[in-house]
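Go by the hints and put chain C onto chain G.
Residue numbers (UniProt numbering), protein chains in the order written: chain G, 1 to 439; chain C, 1 to 177.
Among these hints, one or two may not hold up.
[To be verified] Chain C side only, calculated, beta carbon under 10 Å to chain G, not exhaustive:
| no. | residue |
| --- | --- |
| 1 | Asp-12 |
| 2 | Tyr-17 |
| 3 | Gln-18 |
| 4 | Ile-103 |
| 5 | Thr-106 |
| 6 | Thr-107 |
| 7 | Leu-112 |
| 8 | Asn-113 |
| 9 | Thr-138 |
| 10 | Ser-143 |
| 11 | Arg-157 |
| 12 | Leu-173 |
Derived from the structure by calculation, the hints contain no laboratory data.
Cβ coordinates follow ideal geometry from the N, Cα and C atoms, glycine included.
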Amino acid sequence: MYSYFNYRNFTFFLDEQKQEFVINKGIFNKTQLTVQLDKIQQVNINQNLLQKIIGIYGLKVDTAGSEGKEVSIKAIDEEIANNLREHLLSRKSISNKETYTEKTATFQEDIPFLKVSLSTLFKVGLTSNYGSTIALLLAFIYPVFDNAKEFLKAFDMDKGQVENAVESLFTLFSIGILIAAFLFLILAINVIRTFVKYFEFHISKHKHSLLISHGLLAKKNTLLSPNKVQITSYDQNYFQKKMNLLNMNLKQASSGEAKKGKDLESNNLQIPGCNPTERDELIKMIMGDIPAKGKLFIPNWRFLNLPIFFRVVFPVGIFFILWAYISELNPYYPAAIIYFLLAVPMIYISYKRHQLTVNKEFIIKRSGIWDIKHSLLFPHKIQAITTFQYPWHKSVDVGHVNLHTAAGIIHFKYGNYTEIKKLVNYWLYQIESGSEEWM
Amino acid sequence: MEEFTNENIDLDKLPKYQEVTLTAPHPNYWKVILINIFIFLFFAGVCLTAFLFLNEDIKHNRPFFIGGYLVVAVLIFILYRASFKKRGFALREKDIVYKSGIIAETTTIVPLNRIQHVALDEGIFSRIFMLGKLQIFTAGGQSGHLHIAGIEIEKARSMKEILLRKLDQIETLAEDQ
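For reference, chain C alone in the conformation it holds in the complex:
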């Protein structure tokens, strides 16, 4: 049996999640986001032009539609840029921290001993840039899952390995008891 200790806990000496240095997503991931935005805007643009040419009644309103389209495009761009700047993750010894958000700054922490399973996802464009998305699932439902996008594929693989190894360790520990 382990030696039993029961010392007083100094709350200020606990490791602080808010002071962890976070790893930002790889710069190439911004390119992936841009490609996705352009594809979306391209299809939206095609639909809009078709709509404008087929509808004779709103001929004189065309500048408004085009202006609106441009405003939306710029907004999407700015919002994604802001959210990209805010993203960051850190793998600690016993948990994983992920920060994200467009307006609000959200930090999610998943203790490693609460992870249900881990998945690695590679999209087409991400694969071109050698990036991957690490997905971490907990029993806490949709909002408790973590999706960390834009990690270099090698790093993502090794992270997944580490996580899986920890999961195994925890499981064997639990069975021993």
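This is chain G alone, in the form it adopts within the complex:
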């Protein structure tokens, strides 16, 4: 009953004159939601399995409003969905139905300029997102493993000494198999996850906006306007470099204070597996041009001090102090040495990769250890700039700068402070003299 009345009272329409999208809902407490069209960041048209069977779509409109005022409509049919998609992101809307059908005809002819093939998806699955899959797998596998151990224990009870010797050999062997199986499982799950999520991923240019759609079971269509993208970034690890693959990320303004976890995710648009030419094309589409070579800024070697102290010297030191007192730790000292030998080069690599490139139109920040990430940003998307310096760095002229944008902060650490100040003055000049809007 409640659902029915809720449904009856849910209406929405597009106000052509005021350029507003209006939603009325509620049974007793009537609510009217109004969204200005130029405040819309992206339009999501999703379809999960159930919706696919019935043939309806779910529509979600993302705004940058601070109250997390997101509009979502649960069930609309395809025609309305396409119609809305057509009009919500274009400022000039078409009023009568004839022109609308005409528009859809041209819409059908849109050729996707980026398509991710199955083999690329396979490669992407093999080379990225290990961390989250391992976490997922561990959470899943641990109980199973625990049960198996219990089972083995019961089985073990009546074993003689000969079998014991055989078993120890066998365990050594089986650990190898287990690790191999584990790795295989990670890769397999990774590949499947990527397939399900990004199946039939394609991007097409649609008037002034980008249309991105993907998904195997739940189909997701996202429409966004390029000038609302705050930070464009791409990353690539060693394997991906060998295969000529990149992951791209389009970051949009996150809505207000709700900046944690999931909300941030939804404001990031992932584009898996494009090659460098496609990347350049996308960057051209979003930023208008491919960044030309600029002036390069690299950090001072003092970048290394703090991480080496806190991540290496400090923990290893504590370990060895404990080691001297607690005899149980004795067999583990190789682990500490391995950690030391791994951590130092990693910190050094992160230092070498930490760079900032600046030219007239762009700011490019490079960072990362395994995944090398480039973040591209227009100076006019900066909201505020913070510079800071520790007193003991004053004499060596080393300082840091943070660029706050609506989609996160870009740090550049341990740079030459005089140069940083100069840059900040230049960026301020660009922001304050320009009339470009950040949204």
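Quick look at chain C alone, frame taken from chain G:
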């Protein structure tokens, strides 16, 4: 249409944010900080005494607790004094500069055309001394906001007015285009 010019920019001739003369917070604001520190220390002290009297086992350790308390009190005092000395703000034609920090010296610059909204906050003790806290919010998230405390209330009000007027101007300019 405006006359279009595209001259070469001399980077050294740009206005320098680091050379702006900053206005320090009003001296009375130090009193407000002191009051707040004393209230905090008072409650901490009450808790500590209660703890010491209720716990018979640590009777002979009392001097250590009291010594620790005093050290913390002095440290808080010194740190706040240092941070108070470092604070300063400046309102320029097109942006607002705020310097602060306890150990590191942090300068935050917010261009006026990126301000989302402005708020004026008056605490109880601040009000006694006729002071206010000007809060400036940007779309850059928590770390991009500015909280400038210890401004005389009249000055803070006029600053807020100026900022709001600029915001209006910028908005109408944007709409004209």
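Interface restraint verdict for Gln-18 of chain C against chain G (beta-carbon cut-off 10 Å): holds, 5 Å
Is the interface hint satisfied for Asn-113 of chain C? The criterion is a beta-carbon contact with chain G at less than 10 Å. holds, 7 Å
Should the hint that Tyr-17 of chain C touches chain G count as held when the rule is a Cβ pair under 10 Å? At 6 Å from the nearest chain G Cβ, Tyr-17 of chain C passes the 10 Å test, so the hint holds.
Using 10 Å as the Cβ threshold, decide whether Thr-106 of chain C counts as touching chain G. holds, 4 Å
Can you verify the interface hint for Leu-112 of chain C: is its Cβ closer than 10 Å to any Cβ in chain G? holds, 8 Å
Minimum Cβ distance from Leu-173 of chain C to chain G below 10 Å? holds, 7 Å
Going by Cβ atoms only, is Arg-157 of chain C closer than 10 Å to chain G? Cβ of Arg-157 of chain C sits 23 Å from chain G, so the hint is violated.
For the restraint on Asp-12 of chain C, tell me whether the closest CB of chain G is nearer than 10 Å. holds, 8 Å
Return the status of the interface hint for Thr-107 of chain C: holds when the least beta-carbon distance to chain G is below 10 Å, violated otherwise. holds, 5 Å
When the least beta-carbon distance from Ile-103 of chain C to chain G is tested against 10 Å, hint result: holds, 7 Å
Please verify that hint: Ser-143 of chain C, Cβ, nearest Cβ of chain G, below 10 Å or not. With Cβ-Cβ at 6 Å, under 10 Å, it holds.
Under the criterion of a CB-CB separation shorter than 10 Å, is Thr-138 of chain C in contact with chain G as hinted? holds, 4 Å
Consistency with the previously given hints fails for number 11 only.
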